[in-house]
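Take these sequences, add in the hints, and give me the full structure.
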Amino acid sequence: DAGVIQSPRHEVTEMGQEVTLRCKPISGHNSLFWYRQTMMRGLELLIYFNNNVPIDDSGMPEDRFSAKMPNASFSTLKIQPSEPRDSAVYFCASSFLNNEQFFGPGTRLTVL
Amino acid sequence: AQTVTQSQPEMSVQEAETVTLSCTYDTSENNYYLFWYKQPPSRQMILVIRQEAYKQQNATENRFSVNFQKAAKSFSLKISDSQLGDTAMYFCALINSGGGADGLTFGKGTHLIIQP
Chain D
1 DAGVIQSPRH EVTEMGQEVT LRCKPISGHN SLFWYRQTMM RGLELLIYFN
51 NNVPIDDSGM PEDRFSAKMP NASFSTLKIQ PSEPRDSAVY FCASSFLNNE
101 QFFGPGTRLT VL
Chain E
1 AQTVTQSQPE MSVQEAETVT LSCTYDTSEN NYYLFWYKQP PSRQMILVIR
51 QEAYKQQNAT ENRFSVNFQK AAKSFSLKIS DSQLGDTAMY FCALINSGGG
101 ADGLTFGKGT HLIIQP
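For the protein sequence lines, the chains are D and E, in the order given.
Sequential numbering of the first sequence, starting at 1, is according to my numbering.
Sequential numbering of the second sequence, starting at 1, is according to my numbering.
What the hints contain is simulated information worked out from the structure, not anything from laboratory work.
We put the CB at the ideal spot given by N, CA and C, even for glycine.
Incorrect hints may appear among the rest.
In silico negatives: residues of chain E with every beta carbon more than 10 Å from chain D [unchecked claim]:
(1) Glu15
(2) Ser42
(3) Asn58
(4) Ala71
(5) Asp102
So the derived label-pair ranges between C-beta atoms look like this [what the hints assert, rightly or not]:
(6) Leu97(D) / Gln2(E): 16 to 24 Å
(7) Pro41(E) / Gly3(D): 28 to 36 Å
(8) Ala72(D) / Val13(E): 41 to 49 Å
(9) Thr38(D) / Pro40(E): 13 to 21 Å
(10) Arg64(D) / Ser97(E): 31 to 39 Å
(11) Phe96(D) / Pro40(E): 39 to 47 Å
Some chain E residues well away from chain D (every beta-carbon gap over 10 Å; in silico) [what the hints assert, rightly or not]:
(12) Met11
(13) Gln14
(14) Val19
(15) Thr24
(16) Asn30
(17) Arg43
(18) Gln44
(19) Ser65
(20) Thr105
Here is the structure:
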């Protein structure tokens with residue numbers, strides 16, 4: 001099993017640009033989670049999906065952030081426009097029901 | 001809202017010693033799971049150990065064990081015979097177990113350093 005796949009691993013962009021982070025969950029898992037990790041705030045849940053349906057997006061910081069899951073094998077997290085305070089490591093995780101969440105390697109985003 | 005608190009930002013011990021990382025939590029739910037995750041410099045999140053709240057017996061995984069005190073809402077991690085490879089950030093996390101999946105609530109982490 002390839003595990004959770006995230007791309008890109010690193011992203012450097014300029015303020016105002018659109019950023020799209022991608023995630024492929026583990027096959028057979030029906031829940032997908034997006035987390036953000038910063039020094040100041042630690043690990044925070046942004047949004048999660050069950051069976052491709054967004055369940056709780058209360059952690060999404062503002063309207064500049066959006067997430068989609070068009071099918072069971074793909075999800076995107078988009079930031080438009082990006083700001084320097086969005087710089088963080090973004091993790092995607094997947095699970096089957098409420099079993100262990102498997103994390104991807106993360107995307108390190110730097111917004112200049 | 002549920003919270004997880006790790007009061008030790010950093011700890012340092014000698015190789016082969018035993019170390020205990022503290023975690024307290026707060027939740028209004030009666031059914032939940034508790035986890036310890038390890039994050040080495042590679043930043044990969046690795047599950048160390050898991051505890052179901054309804055189980056009284058403390059979970060154990062090789063050199064890793066927990067002391068789960070439900071009434072006190074305490075969930076500490078003990079690492080025995082510590083090794084250099086144990087150097088990492090350790091996060092305590094909580095998830096509700098009712099119904100479908102839910103997101104993890106993490107503590108701020110403890111940076112554990114194993115000295116040779």
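Going through the hints against the structure:
Look at glutamate 15(E): its CB is around 27 Å from the nearest CB on chain D, clear of 10 Å, so calling it non-interface holds up. Listed as outside the interface, serine 42(E) is inconsistent with that label: its C-beta sits roughly 8 Å from the nearest C-beta of chain D, within the 10 Å cut-off. Listed as a non-interface residue, asparagine 58(E) keeps its Cβ farther than 10 Å from every Cβ of chain D; the least gap is roughly 18 Å. Separation of alanine 71(E) from chain D is adequate, the least Cβ-Cβ distance of about 23 Å exceeding the 10 Å criterion.
The claim that aspartate 102(E) lies off the interface is violated: its Cβ sits roughly 7 Å from the closest Cβ of chain D, which falls inside the 10 Å cut-off. For leucine 97(D) paired with glutamine 2(E), a C-beta distance near 19 Å keeps the hint of 16 to 24 Å intact. A hinted range of 28 to 36 Å for the beta carbons of proline 41(E) and glycine 3(D) is inconsistent with their spacing of about 19 Å. In this structure the hint that alanine 72(D) and valine 13(E) lie 41 to 49 Å apart at CB holds, the actual value being about 44 Å.
A hinted range of 13 to 21 Å holds for the C-beta pair threonine 38(D) and proline 40(E), which are about 18 Å apart. For arginine 64(D) paired with serine 97(E), a C-beta distance near 33 Å keeps the hint of 31 to 39 Å intact. Taking the beta carbon of each, phenylalanine 96(D) and proline 40(E) are about 25 Å apart, not inside 39 to 47 Å as hinted. No beta-carbon of chain D comes within 10 Å of the beta-carbon of methionine 11(E); the shortest separation is about 17 Å.
At roughly 28 Å, the least C-beta separation between glutamine 14(E) and chain D is larger than 10 Å, which holds for a residue marked as non-interface. Distance check on valine 19(E): its Cβ is at least 21 Å (rounded) from any Cβ of chain D, clearing the 10 Å threshold; non-interface status holds. For threonine 24(E), the condition that its CB be more than 10 Å from all CB atoms of chain D holds, with the nearest at approximately 15 Å. Separation of asparagine 30(E) from chain D is adequate, the least Cβ-Cβ distance of about 15 Å exceeding the 10 Å criterion.
Not every beta carbon of chain D lies more than 10 Å from that of arginine 43(E), the smallest distance being close to 5 Å; the non-interface claim is violated. Chain D draws glutamine 44(E) into its interface by the beta-carbon criterion, the shortest separation being 6 Å against a cut-off of 10 Å. No beta-carbon of chain D is positioned within 10 Å of the beta-carbon of serine 65(E); the least distance is around 18 Å. With 10 Å as the threshold on Cβ separation, the claim that threonine 105(E) sits away from chain D is violated: the shortest Cβ distance comes to roughly 7 Å.
When each numbered hint is compared with the structure, violations occur for hints 2, 5, 7, 11, 17, 18 and 20.
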